[in-house]
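Student: Chain G: place on chain R using the hints.
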Amino acid sequence: MFKYVNQPIEKIDGLALVTGEEKYTDDFSFNNMLYVSVLHSGYAYAKIVDIDDSGARKMHGVVEILSYKNVKQILYTTAGQGYPEPSPYDTLLFGKTMRFVGDNVCAVAAESKEIADEALKKINVTYKELKPILNLAKSEGSPIIIHKDDGAFPKIPVFYDAKKNIASKVEANVGDFDLAFNKSLRKFEYDFYCSYASHCAIEPHASVSYLDGRGRLVIISTTQVPFHVRRIVSHVAEIPVSKIRVIKPRLGGGFGGKQEVLLEPIVAMMTWRTKRPAKLVYSRREVFKSTRCRHEYKTKFSVGYEADGKINALHLDALENSGGYGSHSLTVLANAGSKTLPLLNKIDNLRFTGMGVYTNLPCGGAYRGYGATESYLGYGQVIDMVCNDCNLDIVEYYKKWAIKSGETSPIFQALGEGKEGVAMTIGSTSLVECLDEGAKLSNWYEKKKLYGSNSGFNKGKRLKRGIGMAALMQGSAIPEIDMASAYIKMNDDGSFNLNVGATDLGTGSDTVLAQIASEVLDTLVESFIVYSSDTDFTPFDTGAYASSTTYLSGQAVKKCAEEIKKQILKVGAEMLSLSPDEVELNDSRVTAKKQTKEEVSFAEICQYSLYQKNQFQIQAAASHFSQKSPPPFAAHFIEIEVDTFTGIIKVLNYVAAVDCGTPINPVTAEGQAEGAIVNGLAYALFENYYFSPHGKMLNDTFGKYGVYTAFDIPPIKVKLIKSYEETGPFGAKSISEININGALPGIANAFYNATGKRLFNGPFTPEYVLKVLSE
Amino acid sequence: MKLPFKINNKQKHLELLPNETLLQALRNNHFTEVKCGCNEGECGACTVLLDGKPVNSCQVLAMSVQEKEITTVKGIGTLYTPHLLQKSFAEAGADQCGFCSPGMVLASYSLLKENPQPTREEILVALDGNLCRCTGYVKIIDAVEMTAQKLHSNKLVME
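For the record, the sequence lines run as chains R and G.
Our numbering applies: residue -10 is where the first sequence begins, and numbers increase by one.
Our numbering applies: residue 29 is where the second sequence begins, and numbers increase by one.
Here chain R stands alone, though its shape is the one from the complex (with noise of 0.2 Å):
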């Protein structure tokens, strides 16, 4: 049916990335470049007094030192989101309170790194200790005020109330709970956690800033969000939109820890002041204290259903760590509702509740699974429990319960970002056939009955096997918020420059873009020279997050590269003397429909219309936004061993049946399903932010954080079953989130099945697990 789209076609960058030739944002360099260093708090709370950095400034090679002092005092938000951002604006570049260990106290600009470091021990900063909130429970309410009289505001009109250190709150109704809930013959209620976390892309994050022969200010960096960075340096910054240019290079991963402006600024007022080129990369220290991670969650569900499964209230109710500031909290909070409650949408009576908090801990931010990642820990389990007490198999329960095309949930309306959400009907789905071929794969049903209590196969052993599963979904882009765009234009030989907003963070979207214009233009990818992204040569795009490349920036290529098609039709039956109804492409020429001998190339179309009659640039830019966020669907299937004198869960295979409607190209989409997944597994198993009484991360680096290698991994198999979304390009939709949810949900079950036990709190780790076998 495709010729170039749903084709395992080779990344376009993909040999320039495996023999070192690709530039990330460090391996660019300047001459007469300064090196920058940042002083970062090692307090959890405290007030700056005094800084004395009269001492640094003598040092030979110190150029320039940033501080409260010397830096005006503006409100923004370091979160990369659409304008106006819906996270408040409560943080200062360079303020006086600090407000978490590892929050910025100064910076310095010298001639080298060494020198700047240097620097930074000769800056004497006299700080008064105050009294932090190191628990996200005790925050709400508490006498210790975490942005007290500094002004910080949300810049839309949602609650906020810093004085009782909220920093978002979100409530959505459906029916009444109360009352169904009550009625219920059947219900229980539990408390799950979910830990902080930090992204690791083993690229850390960078920045470096030069002025160009106009005296534009030009910043390379580490960004999923190159527009959103070009808005916000010049908010805080101070320097016109006009006189910023912002260039993603090749991006050594993201995963929603670089949608988050941090290091650019910095750079930014040093190169601004100094007139110099300037350098900050962060070291792995850094990435894991000073930016942002996963925000630590606690869930409680309630849930009221009767004899048959049929659940009739289910109350999700979230407490969200933000941390020092509130980046994302409130769209984070507000996606652990509007991922997973739709997914069951004949429950008639919902309730979301959900609060972030401020305390002094790090801050959260953008992590791929956004807010759903937490909650399927409970949403995931607590389904389980349902068909475990009424003895149902929980395939079949979502077989039956689960959302189906032309169905919706009010769920969708409720719950937007920030604002009302959008009534969204389903299109494609394919969860069904996901949850058969999933279930088919991982030999479902003999293995849950084998580990079963009832079996008798794990009684008296020490290693015990089960398994488990949980459906799961997603969305694809923020309806009626993201935009993206782009621009194609044709040359000489035939090929095209196609220049996109969005933001190959790795992922392979340059490649899969490239594939839609072929598809359109019926001509090889190869012929497409993809440029990404650049805010002076490539048209705007909100930039890589909530899983909106493919379907929305997609959807732009497919618009652009169809308005393309019309322009070459018309010079190609020009040229051959023949309406442009009467011609099609067809492999990279125009060719008669009736007289298929009659034809011209690409190339001499393209030279015709630059250099021969009626002459003209064939161009386009095209713009997408999207009315609807359709979900992506997946179930996953998960088996264990669990040790019970060691404490050790052993995965032993991992399935996953995925709905990602039309895979654009099936290697890179289930790439990003296997990253996804063993990102879960290892969040689901040992991840964590382990914290020193005064609230400071102890486990700051890759040895002892402990990220996943080649040898932890389990037999992963993804399985891709296609669907078709009519809304996306070629009926594509999202994949590139929803598979980090199942880890967690899955492993959990499965432990069930093994020892008839629930784990509540992530991470499942031997101490936790030994003391949930002991209880």
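One should not assume that every hint holds.
Which residues of chain G face chain R? A partial, calculated answer using Cβ under 10 Å [claimed, not checked]: (1) K40; (2) L44; (3) L45; (4) V62; (5) G65; (6) N67; (7) G80; (8) V88; (9) L89; (10) E97; (11) T109; (12) F117; (13) D123; (14) F127; (15) V153.
If you anchor each label on the Cβ, the simulated ranges turn out as follows [said to hold, decoys possible]: (16) H180/G x F(-9)/R: 30 to 36 Å; (17) E149/G x E103/R: 39 to 45 Å; (18) G130/R x T147/G: 57 to 63 Å; (19) I637/R x D156/G: 14 to 20 Å.
Derived from the structure by calculation, the hints contain no laboratory data.
Built from N, CA and C at the ideal position, the CB exists for glycine as well.
Tutor: Just chain G now, kept in the frame of chain R:
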């Protein structure tokens, strides 16, 4: 100061300070294909081969390896003359962001050079020092197996 080194089969003079690591010396002298992910010897992004053995170049003092053969990822194949292993990485989809790729390719190269037909277990052990956060390692392991398969079926010797 400027000192001679043997890098990718060529004599190169590196401008460096006596206390610099091999990673710093290489990157400061335009060998930016060697990446820095942690600078603490934990991620493997800075992997180079010293006399054919993979090491974390951030943990090696540059001046201590003047006598050794240093190989970066460009030493086994370039964009213009890619190695079979690099082609397999691209073909298998083992490259997402690509930041770990130079180190991952070199660790795999070193394995295949010594053991052209490794078991899956041997591959996992060989790659244990190289972190990747994008791929979940599945397609990286595929790429190494694919290369071994190509070596075997075409009766090739790992160059």
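Student: Take the hints in turn and mark each one as holding or not.
Tutor: Status of each hint after checking the structure:
1. K40: Where the cut-off is 10 Å and the nearest Cβ of chain R is about 16 Å from K40/G, the hint is violated.
2. L44: violated, 13 Å
3. L45: holds, 9 Å
4. V62: Where the cut-off is 10 Å and the nearest Cβ of chain R is about 8 Å from V62/G, the hint holds.
5. G65: Holds - the Cβ of G65/G comes within 10 Å of chain R, reaching about 4 Å at its closest.
6. N67: Since the shortest Cβ distance to chain R is 7 Å, the answer is holds.
7. G80: violated, 18 Å
8. V88: violated, 18 Å
9. L89: Because about 16 Å separates L89/G from the closest Cβ in chain R, which is outside the 10 Å limit, the hint is violated.
10. E97: violated, 18 Å
11. T109: holds, 9 Å
12. F117: holds, 4 Å
13. D123: At about 5 Å, which falls below the 10 Å cut-off, the nearest Cβ of chain R leaves the hint on D123/G intact, so it holds.
14. F127: holds, 3 Å
15. V153: This hint holds: V153/G lies near chain R, its Cβ roughly 7 Å from the closest one there, short of 10 Å.
16. H180/G x F(-9)/R: 30 to 36 Å: Distance hint for H180/G, F(-9)/R holds at roughly 34 Å.
17. E149/G x E103/R: 39 to 45 Å: For E103/R against E149/G, whose Cβ atoms are near 43 Å apart, the range 39 to 45 Å holds.
18. G130/R x T147/G: 57 to 63 Å: holds, 59 Å
19. I637/R x D156/G: 14 to 20 Å: At roughly 18 Å between Cβ atoms, D156/G and I637/R fall inside 14 to 20 Å, so the hint holds.
When the structure is compared with the earlier hints, violations turn up for hints 1, 2, 7, 8, 9, 10 and for no others.
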